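**Q** Single-letter residue listing:
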Amino acid sequence: MKNRLPLVVILAVLTAAGLAATLYLIFWGTPVDRQLYFSQKIFYWHVACAFMLFVGVFVCGIYSLLYLKKREGRYDDVALAAGELAVLFGAIMLVTGSIWGKAAWGKWWEWDARLTTALLLEMIMLGYVLVRKFGGPGSERLAAGLAVFGMADVPLVYFSVRIWRTLHPETSVVPGLEGSMRLTMWLSVLTFLLLFVLLLVARVAQTRADRQVREARELGLDSGLFD
Amino acid sequence: MVMKRIVLIAFGALFLAGGTAAAQSPEGAAAEPALAADQAPPEAGVQPDPSAIRAPEERRMPPAGANLQEQCEDLLRSDAAWRTRLRDQLTQRLLVDDEGANELTKENLEWRALMKKELATEIHQQDADEMATNRKHVIMAYAALWVITALFIIYMYMRQVRLREEIARLERDIRDAARS
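The listed protein sequences correspond, in order, to chains A and B.
For what it's worth, the numbering used here labels the leading residue of the first sequence as 1, then goes sequentially.
For what it's worth, the numbering used here labels the leading residue of the second sequence as 1, then goes sequentially.
These aren't lab readings, by the way, just hints derived from the structure by calculation.
It is possible that part of the hints are untrue.
[What the hints assert, rightly or not] Using 30 Å as the maximum straight-line C-alpha spacing, the simulated DSS-like pairs for lysine-lysine come out as follows:
#1 K69(A) with K133(A)
#2 K136(B) with K102(A)
#3 K117(B) with K102(A)
Being a predicted model, the structure only gives us computed values, none of them experimental.
Here chain A stands alone, though its shape is the one from the complex:
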């Protein structure tokens, strides 16, 4: 097994620096929005988490496809770790979005197209993780199918604001941002991408070790080495 500690340390340092820099830029380096005022400060990390949800779902979906094709456990390890991260970032996105909705619209939740499809995607990924955890032997393939289905839901979430009339701002908001706001947003996305990779590397190492220990024990039991 490769020693991934140096990579983890480098990623951790870069992520910490990125989080500190974006926090500084969010609160001191960008102007207050003329329409949403101070609550717009939620936007930067909320959007970054939404991007990471999409990245997580795509990584999970692609590696699930590879697993279904080649049936090699190493692909499944990455898919499981990415699926859990998709749930993590999806939960953050939904919670911060709900709080922002309360500040901007006066409501914690609205059943509009963007919010509903995003919730649906989060539930699909949560379903994936639960099937993996409680599905027993053979659930990997079932869960992999679910992950591919989740990947197909991502474009629906992204384009929902164009297809239907929604309360949620459209995707055209980002290009129209003031210079420092746009820079801060993309820096936030980059920082969260580093955080995503950091957590993915650490989690993949865990799932891989977990699988190898399980396989070693099964081998020992099958060969009669263990009781």
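Following the hints, position chain B against chain A.
**A** Same frame as chain A, now just chain B:
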């Protein structure tokens, strides 16, 4: 202008309250006077009791023939803090809190429309002030983000501890098997 608005608000509220009480009480307009006794303004410097402005059904009608508007004006002139509180509560209930507004104005939609028009400037200003200084929701959002991330890292740490235990058990089993 502001005084006119305040008087209008108080007049409207008391009018509604009186109407509600009269509808509930068999004595109607002959009910005992209430304003001087239980709606007295608080002393200067003392924080007014939130229950000072009571729900319409708790109010009672002033004596028959009394000039309600004059009474309201006297009452409102007598204490600035109470006046501000009354205005704020009514503004809140009429234009921010839908349930409160419905409760207050269910019997008089015309009065509600009038109040909304009169309070338009105040409520816009109130909304703008609230949004401009809204730190509560931003702090909540960032705190939620850190808490959820911390929970995930704790989950990862616990998995790591379990994994180490499992590896140690496997090593022990292999050693035992090799010995035997």
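**Q** K136(B) and K102(A): Cα distance at most 30 Å?
**A** This hinted pair holds, its Cα atoms lying about 11 Å apart.
**Q** Just to be careful, I want the Cα atoms of K69(A) and K133(A) compared with a cutoff of 30 Å; is the pair within it?
**A** holds, 22 Å
**Q** Given the hint that K117(B) pairs with K102(A), does the C-alpha gap stay at or below 30 Å?
**A** Between K117(B) and K102(A) the Cα gap is close to 25 Å, so the pair holds against 30 Å.
Figure legend: structure checked against the earlier numbered hints; every hint is met.
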